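Participant: Listed in order, the protein sequences are those of chains B and F. So the first sequence is numbered by the working numbering: it starts at 1 and just counts up by one. So the second sequence is numbered by the working numbering: it starts at 1001 and just counts up by one.
Since the hints were derived computationally from the structure, they do not count as laboratory data. Remember, predicted model here, so these are calculated numbers, not experimental data. Don't take each hint at face value.
Lysine to aspartate or glutamate pairs mimicking EDC-like chemistry, simulated, CA-CA at most 16 angstroms apart [as the list claims (entries may be wrong)]:
#1 B:K246 - F:D1085
#2 B:K246 - F:E1103
#3 B:K10 - B:E43
#4 B:K26 - F:D1113
#5 B:K26 - F:D1085
#6 B:K24 - F:D1077
#7 B:K26 - F:D1132
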Amino acid sequence: MSKIEANLHKALKKACSIEESAPKRKHLRTLIVYTWDHHSSSEVFEALKASPFVNDEIQLFKSLIVLHKIIQEGHPTALKEAIKNREWIRSLGRIHSSGSEYGTLIREYIRYLILKLDFHSHHKGFDNGTFEYEEYVSLVSVADPDEGYETILDLMSLQDSLDQFAQIIFASIQSDRRNSECKISSLIPMIAESYGIYKFITSMLRAMYRELNDPEGGDALQPLRERYQEQHNRLFEFYADCSSIKYLTTLVTIPKLPMDSPNVELAANDNDNNENRT
Amino acid sequence: MLRSAKNIMKGYSSAQVLVRNATANSDEQISRDNLDEISQLTYSNAEFFDIMDMLDKRINDKGKYWRHVAKSMTVLDYLVRFGSDNCVLWCKENLYIIKTLREFRYEDETGVDKGQIIRVKAKELTSLLMDDERLQEERRLNKS
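Construct all of the structure, not just a fragment, from the sequences and the given hints.
Facilitator: Here it is as structure tokens:
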């Protein structure tokens, strides 16, 4: 094993240590930086697969957080590699019995990650795990309204399951008065991801309204708009809940949404008429 | 002192010594003159690489040396605004090094959060580097 690989294994071992604590950012960063330095993520996945974390619930949960963060912040190869290893990730969900608290969290986390990976393998335009805004994806989708409609629907399902998972984490944090940093730290990638998805849906929906600029188009988009409003409200609550956890607020900036969902029906050139909506 | 002995032993170039002194583990602030001197040196090719190598080392230092990281971010931020075009290219190429510091965390023995300053600097520098228009405008204004 080369020195670089040895460092990789060491960082992984430390990031997924047995203590019930947040994965240390320092070690996580080493893993992320590795994927960029080498333009490749297969070594990280090999190391993950070879490690014995799966036997301990807390270690397994921590390694899922690590995995999620690497997909989000790592080189685009991390996302590709994760899609390739979907079945392995799925299999991790069957190791621990459903009884324990972490057992439930692990299964829910995996369910979410699989949905996310399915989404990415269907919609290739998003080549980065955090849904950082890229103009061309919305243009491509809008040029073909059917495809755009479907993409938005899929993004919304992803947002729904993210929200469900976040609820489960919150419930388990509240029932457990002890040090819950480990569970809380799984909310960090969720905050970034939910906001990325939200921004995508907002701008794509807006672009769709602009494209189908007639009453018929408006009717067709009506169901999406209603669901959008619903999701906006839930996301607003989610961020409010996150803001009440001090550990989170010092570490990440929690986005602030407006009280009401933004109006997506207006064309880009008359943004000032927000009040006139019916 | 110890650092100057180390500078000689490790055979650092004068540009590297300059960076090492500017980003030293002390509470002293970096002076504007120091920043200017470093940014002028980035216009020469040989020294540019020396400087960037040293900054790369400092920025990836461990939590205990959070001052190295914080001060290097200050230098980098200055270079992006006032240094050669190569500094901007280097930062864009290595954006992930800066981006991944947005969640930097370090608490000293008394439990005080020393990471905040680094998280803020990392966020600010990342958004500057991703906004080409703003970056060009800033660099244009700084030149005149």
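Participant: Now look at each hint and say whether the structure bears it out.
Facilitator: Hints, verified against the model:
no.	hint	in the structure
1	B:K246 - F:D1085	40 angstroms, violated
2	B:K246 - F:E1103	15 angstroms, holds
3	B:K10 - B:E43	13 angstroms, holds
4	B:K26 - F:D1113	15 angstroms, holds
5	B:K26 - F:D1085	30 angstroms, violated
6	B:K24 - F:D1077	26 angstroms, violated
7	B:K26 - F:D1132	29 angstroms, violated
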